[in-house]
Every structure is written in C-alpha cells, then in structure tokens.
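> Residue-level listing of the chains:
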Amino acid sequence: MATAVHTTKQLRTLNYRRKDNIALLVLALPCIIYFFVWHYLPMAGLVLAFKNYTYTGGVFGSDWIGFRNFTFLFSSQDAVRLIRNTVGYSIAFMIVGNFFAIAVALAIFEIQSRTQTKIYQTVLILPRFLSWVVVGYISYIFLSPTQGVFNLILRWLGAEPVSWYQNPGYWPFILTFFNTWKNVGLNSIMYYAALMAIDTQLFEAARIDGANRWQQILHISIPSVISLLTILMLLDLGRTFRGDFGLNFQIPRDIGLLYPATDIIDTYVYRGLREGAFAISTAVGLFQSVAGLIMILISNRIVSRINPERALF
Amino acid sequence: MRTQAELRQQVVLNIILWIVCLFGFIVPLVIVITTSFTEENSLIANGYRIIPRETSLEAYRLLFRAPGKMIDAYIVTILQSVIGTFISVLIMGLCAYAISRKAFRMRRTVSLFILFTFLFGGGLVPTYILNTQYLGLGDTFLIHIVHNLANAFYLIVMRTFFKNIPESLIESAKMDGGGEFLIFARIIFPLAMPAFATISLLGLLDRWNNWFTSLVYIRDESLYTLQFLLQRILRDFEFINAIAAESVTNIDIQLFQAPTESMRYAMVVVAAGPMLMVFPLFQRYFVRGLTVGSVKG
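From first to last, the protein sequence lines are chains A and B. Under this note's numbering, the residue at position 165 of the first sequence is numbered 165, and the numbers go up by one with no gaps. Convert by adding 1000 to the 1-based position in the second sequence; the result is the number in this note's numbering.
Next up, chain B with everything else stripped away, as it sits in the complex (with noise of 0.2 Å):
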C-alpha cells in the first residue's frame, strides 16, 4: 500500500537520478558523437554543443577514405585481446586448479610464490629494462600478449571459485583414469564456467583498452592499440594532420584545411563505440567479478 507521501518520494528521487544519469552520463557521450557530425568551422566558432549548428561528414568521409591506421589499430587490438585473454585465463585456470588441489604438496610453496608478486615487485623501470634490453620484446607483437599475462589477484579468485568443487568429483574421475589435464578440460572447466567468463570479460575490457603497453614499448605505428593511436591524434597535431592528408593526395595539400578536431572524434566513435556497445551485455559478469569477495590464502 503505498501513502501519498510515499508516491511523492518516488518521483521526486526519480527526478534526480534522471538527471544525474542524463546531464552526468548520457550527454557527455553524445556530445562526442555529435561532435564528430558538425562542421569543422561551425565547431570552431561555437564549440562543443549537443545540437551542432551545422552537420557535415566530411570527418568520417576523410577517415574512411584512407583508413590505414585505424585498420592496422583495430587488428592489433583484436589479435591481442583475444589471443591474450585466452593465454592469460588458460594459464591461470591450470596454476589455479593446480594450488587448489589438496593432493598437490607444493601448492602453498606455490600459493606463496604467487602471492608475493602482489605485495611487491620491481617496477616500470627494471621491468623495461628487462624487456627491451634482455627479451628483445620492444617494439614486437609479442610485448602486448605478454604484458600483465597473468595476475596474482584474478588467480586467487580462480582457486577460491575451484575450491568449492567436490574432492570427491575429481577422485572418482581419477578411478576411471582422467589424467590432471582431463580433468581439469573436462570437469573443472565446464563445472567452473562462470569463473572463466568472469576472469575472460575482465581480462578483455582490461586488454581492448590498453594504451601503457604500446606507450612504453611501441615506436612501429603500425603495432599501435586503438587506444593509443587515440591518444597519439588527441595529443599530436602533426599525426592528425598526416592522416588527414594521407587522404587527399590529389588535392593542393597547401590549400586543403583538414577538420582535424571533428576528425578526431569520428575517430573515438570509430574506436571506442563498438565494444561501449557490447561490453554492457555483460554487465553482470563485472558486477560479479566486483564482489567475489571472500579471497583468502
């Protein structure tokens, strides 16, 4: 049964969290995409405005028309996010089935091992060094996979979510000969599902937005992530205006006037609308992957 009062409650916090989520949240975004449909000199002259003044595609006409480096980005970006991610969950899924196994006698050696590279570590410079002068991974494919492949805190949570799973279950399938590896494929993976999804998707937003890896070890444009080819053409001048003249060979570059600054948006929609799409799809795997909450060693 609901008062008078009760009802006036309700529509006035309506109001509010409306408002929040539409001037805080929702205009923000649309006004990156609507940025990216006005008029170079209409931007100019009135700034960045939810209803442009004038509307022109000439940014996204431009972008399409040579699209090289978008290309090449969004390959990069694909290849290692999935390659990763996959790597990543599969080593970590075997070492957490693995220190979850009260048969195994070094799992706390192990847990142990692990653990500590969550208290302390060596750092960006040391890590660099390493990699660029002793792994030979700077400027390679190879350094996107292999930063952050595995993570003490995700590992934790897999052996937390492993351990709930019967003894009892593996025992027997050991009695019908499953070795290690079969069990883990055919019991473990299927029966602990939703920790992979959950451990996959955090492990593919974490990876699909990266930009760190390719800002400290990528020089070769060619192996940049979205991302950072973002920040390259938010930040550089001269990189927007090479890709916008990369288009238009046949005109007198000297004349042309790029409209680098709606340019620069189509590039965020390009870039980051796709996945701002899919990824709240699968809204309830972060939640959960939030409040797996009981970890302990």
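Chain A on its own, in the form it takes in the complex (with noise of 0.2 Å):
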C-alpha cells in the first residue's frame, strides 16, 4: 500500500515534470528560434568562401572553387594590412585604453569631495552615450583642414596647416586618441570599483608605518587593480581579431587615401559586400571568425586557471 502511494506520487511530479519542460521549453522558444534563423543558417552561408559567387547560382548554385578565394587573399597585399591594422588597433586600444582609465580611477579615488568625484566621473562618461557618428562630427571640427581647431592652432603658432584627411601616418594616434576618449569614463569607473573595494584598514596601517599617498598608491591601489588588469585584458585579447567597424569607419570617413592606416577587416568586409564582392568578403569573414574562434578559447582558458569566476564559459 506504502509503496502504491510512493508510486503514484512519483508519477505525479513525473507528470508535473513534463509538463513543466514543455512549458519552459515554450518560454526559451522565441529566443530558439531566433539564434537559429538569424545566427546558424547564416554559418550555411559559409560555403560562399569556397565558392565563386555568381548573381544568377546564389549561395548554393555557384560553383565550387576551393581554397582558390583564400590563395588569392593571402597572396595580395591587402591580407597582410588587414591583418597587421585589425591585430594592431586591437593590441594598442588595450594597452592604451588599460593605462588611461587605471590613471583616471587613481586619480578620481585620490579625490576627497564626493561631488567631484561624481562631476569627474559623469563628465568622462559622456562621450559613452554618443555615436561614432556624432564622434565622427566632433573629430572634424578638430581635423578639418581648412576650419579644423588643431590647424586653427597650428596657424596660430605659425607653423603649416596639417591635411589630416590626406596622411595615413597620423591616423594610428587619431584612432587611438578617439576610442580611448570614448571608452575610458565607463571603464575608469570599472577600476575605481575595485579600489573602492579595498580594505581601508590597509592605507590607515600604511599611514602609521609613515607611508605617503605616493607610496600608498604605488604598494596598495596599483597592486589591487593588477587582478582586474589581466583579467580584462585576457578577454580583450580574445577579440583581437574583432575590429571596431563604427571607429574605422566613421572617423576616417571611408577615404581610400588613409586606407593603409585605418582598414580593417570589419571595413574591408563591408566594403566588399557593398561592391558585391560575396565570395572574398565570406572568406575574409570566415578567417576572422576562425581566428576569433581561437583566441576566444586561448584567452577563456588562460583567465579559468586564473579566477574561474570570471570565464566566459
């Protein structure tokens, strides 16, 4: 009798746990459906690469090349750029960005006033909420090379006006300067929380042994951001391979002069759809997935064995 009842009890919530799936099941279903239209049947749309796309044969009825699309990539000129400004632009927004915003949190934690410290923190933070179109604007009124403020000042200090817009050698500085000009509030305020975070028992214990602020900055608040550091620099180093399309593509202007300074593969991808280039573009697009792949698994790896907490998966 005991064990009728048992039974019909665990049949019950067996009942309750199907019902329970499918119910879920329904609730997950949109996002299903989503991720599987709009993220894996594009992955079908990979065959392009090896193939020599023609208007009338489409995705599928296009004849098969091989690697023929990937052999003339690595052959030209233009891998190595794309490669070289994409790797490159990724390595020094890192390292640049990293510095700036650990000087900003150092400095805004230094601060006493609670009402500068917010003025300093949602000033920087601006730039954050504007476009790279709007940024894009704003880059022109200092690099026009008629009206722009730095020939303005240049003419000023009579030295000769600058055609920014004609010289690729200065374009690596004006890039840098930019993404970091608009990233560096939100992620200064990332490092200023973990400073926050530290024991003030720590600096009160530093003062008595007659510790100044310089050296209770240079053995406590550096050495506690140094975790933070290389975790967020691992996963940026997983996207190396990712450009930031808005930047390169919209402070330059798309001028093919500045090309060997400012292309990317996000740029050059778009470009190549634009003029129908299906083929190369998927191609170029499927060597940056595939290296991103990688360097996404390489720097997950790297950051579990250092604090699992902070992996991706």
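Certain hints may be false.
[Claimed, not checked] Quick list of in silico lysine-lysine cross-link-like pairs, DSS-like style, CA-CA up to 25 Å:
hint, chain 1, residue 1, chain 2, residue 2
1, A, K19, B, K1174
2, B, K1163, B, K1174
3, B, K1163, B, K1102
4, B, K1163, A, K182
5, B, K1069, A, K19
6, B, K1174, B, K1069
7, A, K118, A, K182
[Stated by the list, open to error] Computed footprint of chain A on chain B, listed as stretches where at least three residues anywhere in the stretch have a Cβ under 8 Å from a Cβ of chain A:
hint, region
8, 1118-1132
9, 1220-1230
Since the hints were derived computationally from the structure, they do not count as laboratory data. For each residue, glycine too, the CB sits at the ideal point set by N, CA and C.
Put the two chains together into one complex, using the hints given.
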C-alpha cells in the first residue's frame, strides 16, 4: 500500500516535470528560433568562401572553387595590411585604453570630495552615450583641413597646417585617441570600483607606518587593480581579431587614401559587400571568425586558470 | 586630519582633472553647439570656435522650415528603439528564466546552443544574403527590429541574475497553481527588476545610436535612423543641399547659398542632444551592466 502511494506520487511529479519542461521550452522557444535563423542559418552561407559567387547561381548554385578565394586573398597585399591593422589596433587600444582608465581611476580615487568625484565621472562618461557618427562630427571639428581647431592652433603658432585626411601616418594616433576618449569614462569606473573595494585599514596601517599618499598608491592601490587588469586584458585578447567597425569607418570617413592605416577586416568586409564581392568578403569573414574563435578559446582557458569566476564558459 | 602636503595634493589633482574634463570633454561638445549657431561666412573665414564671431539662427530656421526627413528619422528611431528593446528584453528574459531553472532538463543543451553563437558566426555577408534574398527584410522597417534582437552575452548575464532567486519561491508559487509564464511575470520580473532595467537601458542605447542597420540594409530615405541621417548629411554634399533647398522653395535656388556647415551641426544638436541629457541620468545602470562580473556558464 505504502509503495503504491509512493509510486503515484512519483508518477505525479514525473507528470509535473514533463509539463514543466514543455512549458519552459515554450518560454525559451522565441529566442531559440531567433538564434537558429539569424545565427545558425548564416553559418551555412559560409560555403560561399569556397565558391565563385554569381548572382544567378546564388549561395548554393554557384561553382565550387576550393581554397582559391583564400589563396587569392593571402597572396595579395590586402591580407597583411588587414591583419596588421586589425590586430595592431586591438593591442594598442588594449594597452593605451587600460593605461588611461587606471590613471583616471587612481586620480579620482584620491579625490576626497564626493561631489567632485561624481562630476568627473559624469563628464568622462558622456562620450559613451554618443554614436560613432556624432564622434565623427566632433573629430571633424578638430581635423578639418581649413576650419579645424588643430590647424587653427598650428596656424596661430606659425606652423604649417596639416592635411589630416590625406596623410595615413597620423591615423594610428588619431584612432587610438578617439577610442580611448569614448571608452575611458566607463572603463575607469570599473577600476574605481575595484579601488573602492580595498579594505581602508590597509591605508590606515600604511599611514601609521609612515607611507605618504604616493607610496600608498604604489604599494596598495596599483597592486590591487592588477588582477582586474590581467583579466580584462585577457578578455580583450579574445577579441583581437574583431575590430571596431564604427570607429574605423566613421572617423576616417571611408577615405581611400587612408586605407593603409585605417582599413581593418570589418571595414574591408563591408566594402566587399557594397561592391558585390560576396565570395572574397565571406572568405575574409570566415578567416576572422575562425581566428576569433581560437583567440577566445585561448583567452578563456587562461582566464579560467587564473580566476574561474571570470571565465565566460 | 589633513596635512599641508595633502591639501596641496588635492588642489593639484583637482586642477588636473578639471583641465582634462574641460578641454578634453566639455569644450568639444560645446563647439558642436556653438558651430550650429555660427553665421556661415564667419564659420568659413574663422573656423570652428568656442565663441563664434557672428551668431546666426539661420541653420535652425532652415532646418525647422522643412523638417520632414528629420521627423521621419526621429519616428523610425523611437519606434525601433522602443519596440525592439521591448521584444528583445522579453524574449531574452523568458529564455534566461527557462535556462536558469534546474527543473528544465534541456537547459544545458539550450545554453550551449546560445553560447556557441557568441564564439562563432556566419559574418556579415551570409547574414546580408539571408536577410535580403531569403527573408525579404531588405529596405523594411522590420530589419531594424530583427537586427541584434537577442544577444548571447546579455542572456547569460540575465541567467546569472535569475539563478540567485531562491528555487523555493518558485516551488511555492507552483504549489499555488501558477504556470511558468505567470511565475515569470509575477515573481521573477519584479525581483529581477534591476537586471531588466540594466539590460533594457543598454539595449536602448545601442538601438538609439544604431546607424549600421540603415547603412547596410536601408535605401528608402524615410526608413533611415537618426544617426544614419546624420552620417549621410556629413558625407554627402548633395544631401544637405537637397534638405536646404526643400525649405526655400520661393526663393531662387540658384542664388541661394545654404549654410551647410552650421546646418550639419544644428542637425547633430537636434538629433543627439535630447538623449545626451537623458542617458547620464541612468548612469548607474550602465555602470552596473559593466560590472556584472561573474558570467559563468
């Protein structure tokens, strides 16, 4: 008798479970469908990388040409330039961006007035709310060859004005500047939070031992953000092959003369799409996806060794 | 107790930070505004300045005389931001709730299915072909909604948040006969309000500032988003002249010189200004979105 009751109870929970499972699956379904259609179906389109795309043939009817798109790509000057620029900018942004974010966080952390702290953080975060298009307008105010602020200053100093938009040499600095400008506010807040988490007794003890503010920064503040810095750098490393299309497209205004310094994989793929070079563009995109996947797996592996809490998966 | 040296250090640091904030961040934004109020010839002669030599409201007058394109862009931007963010947060919330439940037997499979899209994808060209040639979404309003509707990273952030809600709460609601959707709406949603607010604001900001979708998919000018309208105006001389010409039908267009430069910046002020006032009010949500640290699978 007792066992029979037990079984019906079990049966009932089992029924419940099945009903629950179906209900939960229904809730998850819209998202599953979305990811299937807009993330998994395009993966099938990657076959284009191995085809000679023709409009009449489409994705599946065009002829297979093996790796010829890739051999064409890697034997051209483009490949070297694209990889160098994409990876180079990622690394530059990672180093310069984190450096300034930490410097700003340390400076604001030293400020004793709460109101001042709030003002600085609010002002520094403002560019984060602007689109790259608007940042493009702002950059033009400074870089415009005839009316730009930089050239006004140069002329005022008696120097020759510079044609910024005709000279690729300046662009690594310009792009790094604007990337840092847009992101430093929010990133510094992350480091600021890490500094706020430090036990104040540490500073007290250091002060009693006779350490001045500078020594406290050097021996307490900086070491305590190092672990966050390591993690963030590693996560950035996973994105080395993913460029910022908005930055590299809007600030140099898609000017061909500047491509040697500003063209990254993402802008190249977009131009290919515009010009109808679907197969080559897909090949470049596939290369980017595969290289990106490898980098993410490497970075995630290292992160999970150092701090499993921070690992993505 | 403050020593003399500490006081001096405070003053020096404050001065440095004020200079950085003022010249690096406030002045560039101010120049955008003053440029829009500058008389065109003075602008060409003297360049971009913080304080214009000659002010003029001509740019705004022209802009508001024929604001058709801008109003269209505003409507498209508002609709796609609000509708898109609502649907996006709703479907991500439902899915995140499902995969946060231990009772859901397929939660690992579904999580992996979603997480994989974060690691690998088809890229721009295959997505473009799918949207335009197979789904017929090119040049439609719907593409604004569909683009980036769900995002693996946000989904995992939400799931992490939901996992902190005690299972016993859900179990007891179930005893009272609540269905899964009801539990989501009545228990999870109110408890996870901060997570929903954060993800909504991040989504809203992305969508408000979106120009990429219009750049790739939209040809019809009445379906442009604000930011893309701005981009066309900045790049395209013909385009700004066409907008200016719309507002001066009675005057001989041949003789009319549009103040294109100040008009451009007036457009930026009108397009980007309002939201630049609004978003900073919700700053703490953006900060929280950034510091939602432990994102574990």
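> Would you mind marking each hint as holding or not holding in the structure?
For each hint, the structure was consulted:
no.	hint	result
1	A:K19 with B:K1174	holds (12 Å)
2	B:K1163 with B:K1174	holds (17 Å)
3	B:K1163 with B:K1102	holds (9 Å)
4	B:K1163 with A:K182	violated (33 Å)
5	B:K1069 with A:K19	violated (52 Å)
6	B:K1174 with B:K1069	violated (52 Å)
7	A:K118 with A:K182	holds (18 Å)
8	1118-1132	holds (count 13)
9	1220-1230	holds (count 3)
Hint violations for this structure: numbers 4, 5, 6, all remaining hints satisfied.
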